[in-house]
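The letter at position 4 of the sequence shown is residue 4 when you use my numbering, and the numbering goes up by one with no holes.
Since the hints were derived computationally from the structure, they do not count as laboratory data. Think of the CB as a built atom: it goes at the ideal place given N, C-alpha and C, for glycine as much as any other residue.
Distance ranges between label pairs, derived from CB positions:
1. 309 <-> 206: 22 to 32 Å
2. 14 <-> 169: 17 to 27 Å
3. 109 <-> 244: 50 to 60 Å
4. 344 <-> 266: 27 to 37 Å
5. 348 <-> 306: 20 to 30 Å
6. 40 <-> 185: 49 to 59 Å
7. 206 <-> 246: 15 to 25 Å
Calculated cross-link-like contacts (lysine-lysine; reagent style DSBU-like; alpha-carbon spacing at most 30 Å):
8. 7 <-> 20
9. 216 <-> 39
10. 180 <-> 264
11. 107 <-> 45
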Amino acid sequence: FTTLFIKIIVIGIDFTSKFKFYYLFLPAAFFLSSFIILKLAPDAKGHGTEKAIESVNKNNGNMNIVVVPVKLLTTFITIIFGGSVGLEGPATQIGGAISSFIGQMTKMNAMDKRRIVVCGISAGFVSVFNAPVGAAIFACEVLYIGKISYIALLPSLISSFVSYYVGLYMGNKPLIFTIKYVPNNQVTAFLEVFVFGIAIGFLAILFIKLIKYVEKGFKKIKIYAPLRGIIGGILIIAIIYMFNSFQSLGIGEGTINRIVSGEKFSNSLFINKALVTAFTLGSGGSGGILTPMLFIGSSFGNAWAQITGSNVAFYSALGMASFLAACSNVPISSIIIAIELFGNQTGIYAAIAIGISYIIVGHESIYPTQVVIYSKTPSVSIDADVEIGDIKEQKISEKKHIMWK
Numbered sequence: 001f002t003t004l005f006i007k008i009i010v011i012g013i014d015f016t017s018k019f020k021f022y023y024l025f026l027p028a029a030f031f032l033s034s035f036i037i038l039k040l041a042p043d044a045k046g047h048g049t050e051k052a053i054e055s056v057n058k059n060n061g062n063m064n065i066v067v068v069p070v071k072l073l074t075t076f077i078t079i080i081f082g083g084s085v086g087l088e089g090p091a092t093q094i095g096g097a098i099s100s101f102i103g104q105m106t107k108m109n110a111m112d113k114r115r116i117v118v119c120g121i122s123a124g125f126v127s128v129f130n131a132p133v134g135a136a137i138f139a140c141e142v143l144y145i146g147k148i149s150y151i152a153l154l155p156s157l158i159s160s161f162v163s164y165y166v167g168l169y170m171g172n173k174p175l176i177f178t179i180k181y182v183p184n185n186q187v188t189a190f191l192e193v194f195v196f197g198i199a200i201g202f203l204a205i206l207f208i209k210l211i212k213y214v215e216k217g218f219k220k221i222k223i224y225a226p227l228r229g230i231i232g233g234i235l236i237i238a239i240i241y242m243f244n245s246f247q248s249l250g251i252g253e254g255t256i257n258r259i260v261s262g263e264k265f266s267n268s269l270f271i272n273k274a275l276v277t278a279f280t281l282g283s284g285g286s287g288g289i290l291t292p293m294l295f296i297g298s299s300f301g302n303a304w305a306q307i308t309g310s311n312v313a314f315y316s317a318l319g320m321a322s323f324l325a326a327c328s329n330v331p332i333s334s335i336i337i338a339i340e341l342f343g344n345q346t347g348i349y350a351a352i353a354i355g356i357s358y359i360i361v362g363h364e365s366i367y368p369t370q371v372v373i374y375s376k377t378p379s380v381s382i383d384a385d386v387e388i389g390d391i392k393e394q395k396i397s398e399k400k401h402i403m404w405k
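Turn these sequences into a full structure, and let the hints guide you.
See the structure below:
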């Protein structure tokens with residue numbers, strides 16, 4: 001179903017892109033998207049993945065099946081007119097909602113419904129990125145910080161591979177990037193990637209806060225909610241004209257491919273993409289946030305390589321994987337995805353940047369419904385077993401001895 005959803009989106013993009021000024025309809029598109037969600041399915045609001053996480057962690061795997069057509073329609077409207085969102089959020093939410101519906105119809109208990117929703121998340125995710133092992137582990141890892149849902153791992157793997165092969169049969173192409181660059185001096189490369197990981201971590205913090213503040217800012221505008229979409233659309237049009245950044249519009253998959261292939265882009269592209277994404281989602285657009293994160297991470301790596309005189313393709317790939325890990329708190333699946341997409345030589349260096357950025361970002365997340373099980377480090381004391389968006393206080397831990405569990 002999610003593969004069919006993607007094909008419908010592609011058809012829509014191919015049609016609207018024939019018109020030179022298609023993006024001028026963004027204000028109307030955001031208004032319509034917000035209006036449909038408000039009237040038909042408020043649960044369809046947001047990125048998509050965080051709703052699936054909330055379903056597993058708080059609602060015993062229950063999701064409203066009405067979300068499926070509403071999310072499909074509103075994401076379609078947002079993307080074909082240039083809204084900066086991705087397909088993975090709707091795909092995971094749709095996959096989770098269909099799985100939840102199956103669980104309800106077959107009268108599964110709460111534990112099994114949670115597991116089948118995780119399967120739906122992995123099946124939806126892999127239909128977009130075609131990295132089956134990484135997608136399966138992502139679905140089990142994105143639920144929590146400090147824990148992986150091992151009880152759902154095997155069914156998630158099975159679901160991911162089934163979805164992957166069905167997608168290939170229906171015409172999906174596996175994403176594999178050939179990066180031939182291998183650093184000559186491994187010690188120097190390690191230190192350089194270490195510093196890059198620190199930079200990615202701080203970039204992730206800024207991006208997460210940008211998304212939150214823009215969303216709060218639009219909520220403070222006391223007007224009919226869909227009208228905020230008109231404001232957001234106008235702001236995006238102003239940004240792309242002001243900075244000549246038309247590449248920031250839409251999914252940006254083609255631009256990501258060019259970035260990771262080593263083509264040089266503007267050093268400010270990642271900033272423009274972050275702003276356009278924040279205004280799209282904050283004002284009422286519908287879609288995922290993970291693909292924009294891949295765009296931002298890869299374009300930041302692209303700029304970093306140009307400034308430091310490093311290999312552009314190499315750092316673009318590292319930026320893509322590590323920014324995903326930092327924003328989403330999914331280091332293990334990000335390492336596996338990096339190896340699946342870029343190969344072992346690049347993947348092992350990506351693992352360094354991923355590990356550093358994951359620690360640097362701290363207990364921030366683009367998905368506020370993630371549940372913190374353990375602190376990332378014994379040096380920081382935080383509330384446990386709470387959603388990351390509900391953390392009240394973080395402070396330096398005074399414990400001298402930490403027991404392993």
